[in-house]
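> In order, the protein sequences belong to chains P and W. Just so we're aligned: the first sequence equals residues 263 to 796 in this note's numbering. Just so we're aligned: the second sequence equals residues 1069 to 1380 in this note's numbering.
Misleading hints may appear alongside valid ones.
Facing chain W, from chain P, some residues (calculated, C-beta under 10 angstroms) [as the list claims (entries may be wrong)]:
| # | residue |
| --- | --- |
| 1 | Gln449 |
| 2 | Ala515 |
| 3 | Glu520 |
| 4 | Met672 |
| 5 | Thr686 |
| 6 | Lys689 |
| 7 | Gly690 |
| 8 | Trp724 |
Quick caveat, the hints were computed from the structure, so don't treat them as lab data. Virtual Cβ for every residue (Gly too), placed ideally from N, Cα, C.
The chain contents come next:
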Amino acid sequence: MRRRFLKRLGRALPAALLAAAVFGPLSSPGAQAAEKVVRMIPGGDLKILDPIQNPSYITRNHGYMIYDTLFSQDSNGEIRPQMVDTHSVSPDGLKYTFTLREGLKWHDGAPVTAADCVASIRRWGARDVSGRLLMAATASLDVVDERTFTLTLKEPFGLVLESLGKPSSNVPFMMPERIAKTDPTQQITDTTGSGPFIFKKDEWVPGNKVVYVKNPNYVPRSEPADGLAGGKVVKVDRVEWIYIPDQNTALAAFNNGEVDIFELPQADFIALLEKSPNVKLAADPLGSQGWLRPNHLHPPFDNPKARQALVHMVNQEEYLAAAGFPEKYRLKSCAAYFMCGAPWATDAGGDAVLAGQNLEKAKQLMKEAGYNGEKIVVLTPSDPPVQAAAAMVTVQNLKKMGLNVEAQAMDWSTLLSRRAVKETPDKGGWHIFHTYSVGFDVVSPVVNAYIQGSCDAAPSGWPCDAELEKLRMDWARETDAARRMQITEAIQKRAYEFVPYVNFGQFFQPMAYRSDLDGLLAVGIPVMWNVEKK
Amino acid sequence: MTYVLKRILAAIPVLFIVAVIVFLLLHLSPGDPAAIIAGDTASSDDIERIRRQLGLDRPLPEQFVGWLWRLLQGDLGVSVFTGLPVTTMIAQRIEPTLWITFLTIGVAVVLALPMGIVAAWKAGTWIDHAIMALAVLAFSMPVFLIGYLLMFGFAIQWPLLPVQGFRSLSEGFVPFIRHLILPVLSGGLIYTALIARMTRATMLEVLGEDYIRTARAKGVGSLRLLLRHALKNAAVPIVTTIGLGIALLLGGVIVTESVFAIPGIGRLTVDSVLRRDYPVIQGIVLVTSAVYVFVNLVIDLLYTVFDPRIRY
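Construct the complete structure from the given sequences, taking the supplied hints into account.
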């Protein structure tokens, strides 16, 4: 009897062991103890590796992992040296001399040289909004020795360090000279950087996984990490970005402990995540700004009065509530074109925003603009939730104003292509689309690309206003902070007359992370230095 | 052998026509990868420069001939976005899709054949009704719903299995199978229902044949009668259904892959379509068409195994 039992047990045991292994605990603690791995669900799929050619945030975030910058912005918005050891400015303010820190190396072991940095600045300067301004003001960029280079200006330019320490797209990341010589509109293929992590191209599966390992040769600064500045001390061995496009699956994977960080949970998950005991939320203190962009080329929005009508039409709370942001994560109302709570915030000219929605006034302005019942084409995306919700609120409000509105539904990629079409709306063009930007990209008249009035050189919508452009250039040249604030106010007053775009609200997108992580920097960019896994 | 060769040669014009149609559909539909790459702050000039870099400014016939010429040399091109060769991207993604497809069909066959046979054998009884009711239920539930329910039950309420991802067999059998149980089950239920219903219907027809009555009268046992005499003769439509199931799964696996975040061909297709990555979409459609042609050929050859009267 006993022998038969043992025989049966012997037969059943392998199956039981296999079942235990298959349905056992999800993680293997032994493996994690050997290697500290942080896994993050990124906000997008990394498909382009060149942060100069492509300004998408996911590519910028990739840039922060593998590249380093000459200067960085700290948590107070101050520009601090990063790769630069010392720098000086000539008494006339026209010549900047930069000396690199000792011991900086590329991932392939070669030393970082001044020639690499000069080539990198030139490539970035051909692509970025503030980089172009800096290059236009620059007479020469010269290598002095292995670690020193100079930047000589043609005319005073108040934003040399601010531009070189620009925190968001396009970030002036430093690359080896051989790579930085690539045409700025052509994607680089070599991912050699000098940043705190090394990209594992052999493990990269676009649409699924991006892997970085600690750069053993990275020499961090001695100061503690502060914002994007200070020492980039890496405390984990490996970082994996696991792209999960379905938000429900992403939330389930995060709650299940399969990942440590959920970079951009959709707004209606925020309340749920706040209640979870093992989860912390960190929102970028600067936040993001929503943009309603009218097309300046075609009636009725070629008339400033029609664009002013849109300012009166917008109720910022309505837009952000529709996108799902809880009250804590949105501002009731913000009149500042350059982000409320930021150094260049002002209410100048923003009375219409502060007074709140006024559809009657909006209707009257549309009438004065000569609106005659023509169809208004609103590009309505189906996928990114903030843009989709904003488009629907606009459509609703325009209908309330009695306008003839056509909401053209499409996926985001089609919208990106459609908004580049300059034809009239009946020939494939458009009247209005919506997008948003993180605060870093809006925070001053120079970095805010959508406030440009540079006609064809401006992003889709093509506002054309010489006065606005002149004020922006004055702002860039000005070196005195008080005077610059006055120019900021003048720019904003002009912006509310001309209305290059309408701010539909300031919101704070939190990043969720598991409570066994420490040292995560809430800077609006998921940087992985300073992060510790308990 | 001649037949196989003929079929392979016949597939070439089919693949060519598919290639032409896909190329035209993609390039005539709205969307511009250059505008996507250039990003939010790009000017019209930036977009135009990127378009030139990608060769998208050239006339369509020139682009098509260039693509076809490279294809004849075995080169499917390079992704507009990632810069990776299309063959590499497909190779990275083919393993999960093939495993899901064949395991799903395998599980469906293992479950569905006995269900269909028993339902036919016990036709009209409560067993038949119960099996068919289950089949209707499984058939009526969308794959994503089954997926989310399974995920909620077995990954969240009882955290026995992972929510998402894929592990290659080379990383070990246990992690491999743990990541496949839920996707295979969620995708497999519909095919189980489909094959069970088809098996029941064909078995009912065969079980009414004279030779079955004769075999019964001669005292052939039930199991032998069902498996050796009835099932073999009912196999042709069942094999056809399984073949169609494989073809449908290759196209439909996208839902399973999306719900469980599995990096397969289905998700690569959707991602590429959404960002207008023309070379990748064209490559996938060609490879998938070739797989369809191959699966059809295998099914046709299997007919000769189950029905010796069929000759090519």
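> Determine for every hint whether it applies to the structure shown.
Going through the hints against the structure:
Annotation: Gln449 of chain P was flagged as interfacial toward chain W, and the flag holds, the nearest CB pair being 6 angstroms apart, inside 10 angstroms. With 10 angstroms as the threshold, the beta carbon of Ala515 of chain P comes within range of chain W, its nearest partner Cβ sitting at about 4 angstroms, so the hint holds. Among the interface hints, the one on Glu520 of chain P holds; its C-beta lies about 6 angstroms from the nearest C-beta in chain W, closer than the 10 angstroms criterion. Taking 10 angstroms as the C-beta cut-off, the interface hint given for Met672 of chain P holds, the closest approach to chain W being about 8 angstroms.
Using the Cβ-Cβ criterion of 10 angstroms, the hint placing Thr686 of chain P at the interface with chain W is not satisfied: the shortest such distance is roughly 16 angstroms. A distance limit of 10 angstroms between C-beta atoms decides the matter here; for Lys689 of chain P the minimum to chain W is near 13 angstroms, and the interface restraint is violated. Checking Gly690 of chain P against chain W by beta carbon gives a least distance of about 8 angstroms; that is within 10 angstroms, so the hint holds. Proximity of Trp724 of chain P to chain W holds as hinted, the smallest CB-CB distance being about 8 angstroms (cut-off 10 angstroms).
Hint compliance for this structure: hints 5 and 6 are not met, and every other hint is.
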